[in-house]
Amino acid sequence: MLEFKGVSRLVEGRVHIHATDLALQKGTMNVLLGPTLAGKTSLMRLMAGLDKPTTGTIHWDGRDVTGMRVQDRKVAMVYQQFINYPAMSVYDNIASPMRLMGISGAEIDRAVKGTAEMLKLTPFLQRKPLELSGGQQQRCALARALVKGAGLVLLDEPLANLDYKLREELRAEIPKIFEESGAIFVYATTEPEEALLLGGHTATLWEGRVTQFGATPQVYRQPADATTARVFSDPPMNFVTAVKNGAQITLGDVKAPVMGAMAALPDGTYRAGFRANHLTLDRESASAVAFPSTIIVTEITGSESFLHLHHGADRWVGLVHGVQHLAPGAQVNVWLDPAHVYLFGQDGRLVAPAPYAMAA
Amino acid sequence: MAQITLQNLAHSYSAAPKSDADYALKEMHHVWQDGGAYALLGASGCGKTTLLNIISGLVRPSHGRVLFGNTDVTDAPTAERNIAQVFQFPVVYDTMTVRDNLAFPLRNRGMDAGYIAGRVGQIAKMIGMEDKLDRKARGLTADAKQKISLGRGMVRQDVNAILFDEPLTVIDPHMKWELRTQLKALHRELGHTMIYVTHDQTEALTFADKVVVMHEGRVVQMGTPEELFETPAHTFVGYFIGSPGMNLLDAKIDGATAHIAGHAIPLGKNYAATGRTQIGIRPEFISLTTGTGLPFTLRRVEDVGRHRIVRGEAAGTPINIIAGEGEAIGADMTHVTFDAAKINVYADDWRINGAA
Amino acid sequence: MDKTQNNKAWFLVLPVLVLVAFSAVIPLMTVVNYSVQDTFGQNDFFWAGLSWFEDAISSDRLHEALWRQILFSVIILAIEVPLGIFIAMNMPKSGFWASLVLILMALPLLIPFNVVGTIWQIFGRGDIGLLGHTLDAMGIDYNYTNDPIDAWFTVIIMDVWHWTSLVALLAYAGLQSIPQAYYQAARIDQASRWSVFRYIELPKLQGVLLIAVLLRFMDSFMIYTEPFVVTGGGPGNSTTFLSIDLVKQATGQFDLGPAAAFSIIYFLVILLISWVFYTVMTNLDKQETF
Numbered sequence: 001m002l003e004f005k006g007v008s009r010l011v012e013g014r015v016h017i018h019a020t021d022l023a024l025q026k027g028t029m030n031v032l033l034g035p036t037l038a039g040k041t042s043l044m045r046l047m048a049g050l051d052k053p054t055t056g057t058i059h060w061d062g063r064d065v066t067g068m069r070v071q072d073r074k075v076a077m078v079y080q081q082f083i084n085y086p087a088m089s090v091y092d093n094i095a096s097p098m099r100l101m102g103i104s105g106a107e108i109d110r111a112v113k114g115t116a117e118m119l120k121l122t123p124f125l126q127r128k129p130l131e132l133s134g135g136q137q138q139r140c141a142l143a144r145a146l147v148k149g150a151g152l153v154l155l156d157e158p159l160a161n162l163d164y165k166l167r168e169e170l171r172a173e174i175p176k177i178f179e180e181s182g183a184i185f186v187y188a189t190t191e192p193e194e195a196l197l198l199g200g201h202t203a204t205l206w207e208g209r210v211t212q213f214g215a216t217p218q219v220y221r222q223p224a225d226a227t228t229a230r231v232f233s234d235p236p237m238n239f240v241t242a243v244k245n246g247a248q249i250t251l252g253d254v255k256a257p258v259m260g261a262m263a264a265l266p267d268g269t270y271r272a273g274f275r276a277n278h279l280t281l282d283r284e285s286a287s288a289v290a291f292p293s294t295i296i297v298t299e300i301t302g303s304e305s306f307l308h309l310h311h312g313a314d315r316w317v318g319l320v321h322g323v324q325h326l327a328p329g330a331q332v333n334v335w336l337d338p339a340h341v342y343l344f345g346q347d348g349r350l351v352a353p354a355p356y357a358m359a360a
Numbered sequence: 001m002a003q004i005t006l007q008n009l010a011h012s013y014s015a016a017p018k019s020d021a022d023y024a025l026k027e028m029h030h031v032w033q034d035g036g037a038y039a040l041l042g043a044s045g046c047g048k049t050t051l052l053n054i055i056s057g058l059v060r061p062s063h064g065r066v067l068f069g070n071t072d073v074t075d076a077p078t079a080e081r082n083i084a085q086v087f088q089f090p091v092v093y094d095t096m097t098v099r100d101n102l103a104f105p106l107r108n109r110g111m112d113a114g115y116i117a118g119r120v121g122q123i124a125k126m127i128g129m130e131d132k133l134d135r136k137a138r139g140l141t142a143d144a145k146q147k148i149s150l151g152r153g154m155v156r157q158d159v160n161a162i163l164f165d166e167p168l169t170v171i172d173p174h175m176k177w178e179l180r181t182q183l184k185a186l187h188r189e190l191g192h193t194m195i196y197v198t199h200d201q202t203e204a205l206t207f208a209d210k211v212v213v214m215h216e217g218r219v220v221q222m223g224t225p226e227e228l229f230e231t232p233a234h235t236f237v238g239y240f241i242g243s244p245g246m247n248l249l250d251a252k253i254d255g256a257t258a259h260i261a262g263h264a265i266p267l268g269k270n271y272a273a274t275g276r277t278q279i280g281i282r283p284e285f286i287s288l289t290t291g292t293g294l295p296f297t298l299r300r301v302e303d304v305g306r307h308r309i310v311r312g313e314a315a316g317t318p319i320n321i322i323a324g325e326g327e328a329i330g331a332d333m334t335h336v337t338f339d340a341a342k343i344n345v346y347a348d349d350w351r352i353n354g355a356a
Numbered sequence: 001m002d003k004t005q006n007n008k009a010w011f012l013v014l015p016v017l018v019l020v021a022f023s024a025v026i027p028l029m030t031v032v033n034y035s036v037q038d039t040f041g042q043n044d045f046f047w048a049g050l051s052w053f054e055d056a057i058s059s060d061r062l063h064e065a066l067w068r069q070i071l072f073s074v075i076i077l078a079i080e081v082p083l084g085i086f087i088a089m090n091m092p093k094s095g096f097w098a099s100l101v102l103i104l105m106a107l108p109l110l111i112p113f114n115v116v117g118t119i120w121q122i123f124g125r126g127d128i129g130l131l132g133h134t135l136d137a138m139g140i141d142y143n144y145t146n147d148p149i150d151a152w153f154t155v156i157i158m159d160v161w162h163w164t165s166l167v168a169l170l171a172y173a174g175l176q177s178i179p180q181a182y183y184q185a186a187r188i189d190q191a192s193r194w195s196v197f198r199y200i201e202l203p204k205l206q207g208v209l210l211i212a213v214l215l216r217f218m219d220s221f222m223i224y225t226e227p228f229v230v231t232g233g234g235p236g237n238s239t240t241f242l243s244i245d246l247v248k249q250a251t252g253q254f255d256l257g258p259a260a261a262f263s264i265i266y267f268l269v270i271l272l273i274s275w276v277f278y279t280v281m282t283n284l285d286k287q288e289t290f
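Protein chains in written order, with my numbering: chain A, 1 to 360; chain B, 1 to 356; chain C, 1 to 290.
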């Protein structure tokens, strides 16, 4: 188990990581999710022992390892860049960490072949890394990290430099690889979808602070505050002012029925948040309400379309099915079911989770 | 501005190409409409950069002609083609101010100062850099520099075409949204023929009216985003567009029925297919059932938030299914059915049309 | 630094520190020691305070040598830098010819300094030297041992011959690293050849050229062997540069104290100019990254 107790890090008077308590269990996948510069890499460097915390202590299986050098910890790291030894074959690349540990030849051979098989590198073992595609190069780097049986494997945006189709393939494979290894995996990413695909646990980061840590689907569906919700939504969560008055809640200037946990809240003003995919072009449920909006621009991903739109002064993004050609300036009604609305207090804390998320 | 015609175009980097494999670009014949927004989409190494370089004049095709309007420009150097190009990495003149950078292509062509000032102001406004016009380009961020490159590409009004070579590679993800949106708006405003090379499907489909999908040196489909999604002309398009891509199953085609591992699947139309026949169905159009359809073994369910990806196997082939956020997936869901209207039939990887 | 690290690595640096101490620090300290003492031989030394420095600073001899030295450095920089860039721009970019030209360019750099001096000393002679003889035959009165102008001409040509390659090779490496996209963009923008040079090549070469100028400046400011072999500092004192003058004083006249004071001033001048260069360069880098 890897434990952070009040760990913080300051560099030249600036806070990189605020005091953090975190416990990562053996055999779990842990995603660090946050935008660029949120502190993902800083946190990973602390975990690896590349940097020393300014305050707090780090424990590994109950032992204090705060000052221990990275060489003495069983840590493996994979970076965004494909880092391999260019002059060595793929086989030697994978074998290199074990050779450094002075393991016998036969054992190395067995481990290298097993790892290569798992990462579909067997046909390329005799090639040089630069003769491989980007995806294969990153597989080779992954294999090197996995082969030495490190207790802690740190992956810092390992797929960011790959074409999206390769990313899709490796992304589907990483959870399988992880299940077989039993190590603590820590995976940094900027993409909420990647976090969801990897499953396990997610820590959302924002400006050097862990805003929430828990089971990935739970953090996604029940974010503790507006910041977490924003970090864990791509495109970012849409917000609108909400005024609750009895059994009615006014979102912007559209009246909707109160549902679920909203009913228990005192009347007053809140911030309502909802995700892009919960805006629809058709009325898909009886409780949905229509928001007259103006299209700014439409983006098409292939199977879905992003609608950037204005509702009054608010700027929203909708993610709808199919290829939609809506011209800029077009007036449309977008529908939103209050069951998909989160309510946040004026301080940003979640006061009422979206009713659908409680049901799921 | 001009229509671009690629006449029996092919290109090989080797001097004496023998087989198909020696060609970086295999023979193609295409007309690119004046004022259109095109995207060249494909994985790295598919030949899209070669094609762009042929259009820009950096590479002379080994076979065929390139026409701008009615003029043969196959042998014309880049400078004579009157095109603009935006590169993968920002190309700016470091020691010049932003203003001078934008004015540079116009000054070199001897435009009058009043026109230049007006045009630069207009472009600066479009790319949102009015407040930085008098700063040196050297000190700016990669985003800002790339915006200058975009601006310099668009500052001339008389260009035949504007070429973009993966222009958003160095842009921070949250800025990509904004630039993509701006590019689209700029195309509408300026009406130039634009060709945009990328490996990113969202960039391609959002930007372009017509997307040209390339695979192994061949244009496998040139179509609208809807066509690429609904009726991929080649199995590669089915795989490449959409996430996850189209499911492909080997099938014996017999008129309006596909036979897969002893199960009959209705196709809705009549097909006459020979060679290696497959049916393609997108994950969006497969439903899980408790008993009807093809037997299905569930491997894992991935929650992507807005929907779930169900991964499993049917007839020995991996199958992905997209299920809605709230949809229940019980242990009794052991079969799958396909939406007949959404099935495409492929013979040797190419889509064939059915008859009603 | 609050990185988790061990400090054992410093022990590995120790041998270098010892070496540097013996080769640089101790000799330098000896010079400092000499510069504040006087001697009449027999290893008897007397405290002289800063008088040698006062003498040196007010000495016309040093002033003249210093101006000569600055003039020399400025002239060779003014020739070698533009010439080096020009050569670099016209060198083949790849293939057999590129390798051949690179080797040819590197040749002068590989020749020992006194050999360079000897080559030019003979080359310029009116009786047997190819250059001197040819010039004489063309009716030009050329004699580097009599005429100060001819002597300067010879020394400068020799330095240009010896060192332009260095500038050219550095500039060549700099030019090679400019991405093709820049040239293509310039063609699309219909930039003239001059614009390409002025707005793309020169700015991109800036860093490399600063290093070239710094290296050439320091080297030329300390030049000794080649002019000593060719002219011996003459005719008269016309090519007596700082280091030649220094050696004359120290070993010729055995004026250890004044020579030591002279060296320290010399050292400080070089240090000061190098520091200015360094500051300029690092500031440029800062601009670059921002």
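One or more hints might be untrue.
A short list of chain A residues far from chain B (calculated; beta carbon distances all over 10 Å) [stated by the list, open to error]:
id, residue
1, K113
2, E168
3, P192
Below 16 Å or equal to it, Euclidean Cα-Cα: the simulated EDC-like pairs (lysine to aspartate or glutamate) are [stated by the list, open to error]:
id, chain 1, residue 1, chain 2, residue 2
4, A, K74, A, D61
5, A, K165, B, D200
6, A, K176, B, E302
Derived from the structure by calculation, the hints contain no laboratory data.
Computed from a predicted model, the values in this text were never measured in an experiment.
Where is the CB? At the ideal position from N, CA and C, for every residue including glycine.
Hint by hint, here is what the structure shows:
1. Every Cβ of chain B is farther than 10 Å from the Cβ of A/K113; the closest lies at roughly 25 Å, confirming the non-interface assignment.
2. Against the 10 Å criterion, A/E168 falls within the reach of chain B, whose nearest CB is about 6 Å from its own CB.
3. With a least beta-carbon separation of about 7 Å from chain B, A/P192 fails to lie farther than 10 Å from that chain, contradicting its non-interface assignment.
4. For the hint linking A/K74 to A/D61, the alpha-carbon distance of about 12 Å falls within 16 Å, and the restraint holds.
5. In summary, the hint linking A/K165 to B/D200 is supported, as the alpha carbons are separated by about 9 Å, within the 16 Å threshold.
6. For the suggested pair A/K176 and B/E302, the alpha carbons sit about 12 Å apart, so the restraint of at most 16 Å is met.
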